Amino acid sequence: MSGTGDLLKKGSAPGSLPSKPPAPRSGSANPFRALTGNLRESGIYIAFVVVVLLFAFLTDGLSLSPGNITNIVLQYSYVLVLAIGMVIVIVAGHIDLSVGSVVALTGAVSAQLVIGSSQPWWVGVLAALAVGLAIGAWQGFWVAFVGIPAFIVTLAGMLLFRGLTYYVLDNVSLSPFPGEYNGIATGFIPALMGGYGYDAFTLFIGAVAVAGYAVSQVRNRIARVRYQQSVESMPLFVLKLIAVAAVVMAFAWQLANSRGMPIVLIILAVLILTYSLVMKSSVFGRQVYAIGGNLAAAQLSGVNVRRVNFWIFVNMGFLAAVAGVIFSSRSNGAQPGAGNSFELDAIAAAFIGGAAVTGGVGKVTGAMIGGLLVGVISNGMQLLGVDQSLQQVIKGLVLLLAVAFDVYNKRRAGVR
Amino acid sequence: MTDNILEMRSITKTFPGVKALSGVSLSVRRGEVHAICGENGAGKSTLMKVLSGVYPHGTYEGDIVFDGQVSRFSGISDSERAGIAIIHQELALVPYLSITENLFLGNEVRGRTGLIDWHRANGEASKLLQRVGLDENPTTPIGQLGVGKQQLVEIAKALSKDVRLLILDEPTAALNDNDSEHLLGLLRQLRSEGMTSIMISHKLNEIEAISDAVTIIRDGQTIETLDMRADTVTEDRIIRGMVGRDLDSRFPERESHPGEEVFRIEDWTVGHPSQDRHVVDGANLSVRAGEVIGIAGLMGAGRTELAMSVFGRSYGRYLSGQLYMHGKPIVARSVRQAIKHGIAYATEDRKKYGLNLIDDIKRNISAAALGKLATGGFVNAHEEIRVAEDSKRSMNIKAPTVMAVTGKLSGGNQQKVVLSKWIYSDPEVLILDEPTRGIDVGAKYEIYTIINRLVAAGKAVIVISSELPELLGICDRVYTLSAGRITGELPVAEATQERLMSLMTKDKTPARAGAHTPSTDDDQEHSA
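Chains as they are written, first to last, in our numbering: chain A, 609 to 1024; chain B, 502 to 1029.
To be clear, the hints were calculated from the coordinates, so they are not data collected in a lab.
Be aware that one or more of the hints could be misleading.
As the list claims (entries may be wrong) - Okay, derived cross-link-like pairs now, EDC-like style, lysine to aspartate or glutamate, Cα gap no bigger than 20 Å in a straight line: (1) A/Lys-888 x B/Glu-591; (2) B/Lys-1007 x B/Asp-678; (3) A/Lys-888 x B/Asp-861; (4) B/Lys-662 x B/Asp-678; (5) B/Lys-853 x B/Glu-591; (6) B/Lys-841 x B/Glu-762.
These figures come from a predicted structure and were not determined experimentally.
The whole structure should be built from the sequences, with the hints applied where relevant.
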């Protein structure tokens, strides 16, 4: 122990931790208060559940059918990948308008190599990722080191990279990709454990996920008790684990009864887990929140703001390239107009998921739920045969209401 | 009977938790230049804000009688209509607009069509500029003028509104000698034309030179009004009025055993970020282990600028100077390097520069030393909470948990979070800029206790404060700063408020780029 502890401990101060028996406080034991106490975060989950149930009811359960669930995952995967990067950009107080164009350009480079020059599929993937990183470094340079607002830099990038896409593709579409490349976004993990009318492997992955979740929750609980922090009461804790396990296994069951485990879902899960951890617990993630929350204070606390901003955009370029690979694979080719308005979907996902317009607030999981919420609404309206124009109107209103809710919440909290 | 243009009668203004003004009275005779002086935070600016309607009628108690009528201004436009114009320290001009556009902003000269008549506007602008003695083309953008000329444009703007009472808040604080001289000349000329002015100033020589009367405010109360036309009033007399206050037992006892020198600043010179002048000019100071030194200086003396430029060059342009830690020269080009070398700086404006107000206590405390909590780039969140709980207990931070958002804490508790942050970074020297600004007496005492504990643990502490009793109460030595220069250094046993104030208001050659004379004479004269 160092710093504050040593320096300021006075005779009367309580002894070091282990000597004092923990007095577990169950402050958040009341589940109702846990939900309403932090409406900003829980609100989006409640809304998501309500929307899912609403469409399940309206479509007579069709929206929860195995085939449809698989569809939603496949269809919105690239927006979710973009939203992961976008929420980080937004938390730091920036915006990125160029990701749609970057998706198109990285897909085009990949297609030109794999289809145009008959290179193996992985050459296309690596080239796309390299291009994405380079683009990120380019934009990061202008934002972080020259000090041009990200809005301008990425608006320029939106035009720049769209133009380059046309140039790389010579104004025509390229297709189709060979089977391996196409499989990235449309393929499924083969039935490694055999099929019994359902895919056992998918259930196995689901079980692993549940076990992993349970272990991390238990370890966290033990650590919290050791550090004398409040924990939920045991029955509530067990109930929470059972509920999560039930939802995950139900989801896996539906997938297993359809076409098995989509490869994209694995990619997405890895990205979500990694980035959630980075934003929650890494020094880098914490510095992103510090910059977005109070730039001057972050600077005066020794945060290297330029470097952090630079890497935020490099990361965004990387994730845009991942999305570019997934999208080109899914659409089985590269089109000059690909990825149009994807940036808006990603931005909407982040904001609906609780990111603050002023920066400093936002979570990867929130953005994922935000993106899925839009996905479920769009998908449900498609199933119901709602007119295309009306779908746009409703999506617009959802975004507006979500941010209005956020602003209202902040005013109620009385901070700033 | 005297002809008073303005009488403010027992004005009391309360902010949540603080009584800024309590029963202040002010009488200003028609056609005089009336100076108001007092320490920082004495209530001068608050009084002027009450007068000009920034704090509307109903938010204060007492009466304002302007030109024989009881006035109830509900806003600044109200007071302007009555003929009162206030010129703030921070000029309210739009840099990209021309002089004419600025002069008539919100009050545009319109032709018959309803559009702006630029010919007439420029013509009237020329006339106004002539009146204030500014020889500039009215179409020049404001941003191209120096601060002194901008000030004149502000006055011209006030004159365009048929003002009868002109209030100037620290008009010469940012001006060089020539510009100051010109401004004072203009005030004399306006006085001869029958204009009444109120001038807030820290520069006692200027007050002596120009004002007809001076009202001294201290701790939100009127102390006295001196007639400057009587020859007996000297700068010393004014100083006595400004500081005349007793030291009481507001400060915890501390035994002083300073050790080796920890930190030294030599010949530190810093340029203004955008103007060609020195904000800090050849400053030298040192602090020993277990010692508290104070930096006293009035608004604009360069205290914060000195501290921030030392702290990883966070302010202005570094021009020259060297830092030493334990006698070894160090270079701190960034905040990160400064922290690494063991320097900590707790800002005077904790909301703007000190805290992430939307984040919780624990993350604010760990912000400057996250590396200590991290392995492999990942933060141990449980350890972080433990550290924060430790601080919460030892610093007596009043909050439900360390997960409480700092934006909702009181000023004193916010300050304790800021201090916790820097203490956790484990510095050798802590620079505390106005550590007790805006917090109540009880919390102040706690902050002093924390400072005492720090020096008892061998830290070196530098305190910047506007409150002289505070510096005298907690420091071992006090440096005075005036116009960016160290004008004196006194052991606390020899320091009195009067001596400090006279060093702080010492007439100084203005710091100008490239032409600074060494101020070492002053240093030696007053060192022990």
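Hint check results:
At most 20 Å may separate the alpha-carbon atoms for a hinted pair to count; A/Lys-888 and B/Glu-591 exceed this at roughly 41 Å. Proposed proximity of B/Lys-1007 and B/Asp-678 is supported: the alpha carbons are some 14 Å apart, at most 20 Å. As the CA atoms of A/Lys-888 and B/Asp-861 are separated by approximately 14 Å, the hinted pair is consistent with the 20 Å bound. For the suggested pair B/Lys-662 and B/Asp-678, the alpha carbons sit about 28 Å apart, so the restraint of at most 20 Å is broken.
Restraint check for B/Lys-853 and B/Glu-591: the C-alpha separation of about 18 Å stays at or below 20 Å, so the hint holds. With a C-alpha separation of about 18 Å, the suggested pairing of B/Lys-841 with B/Glu-762 holds against the 20 Å cut-off.
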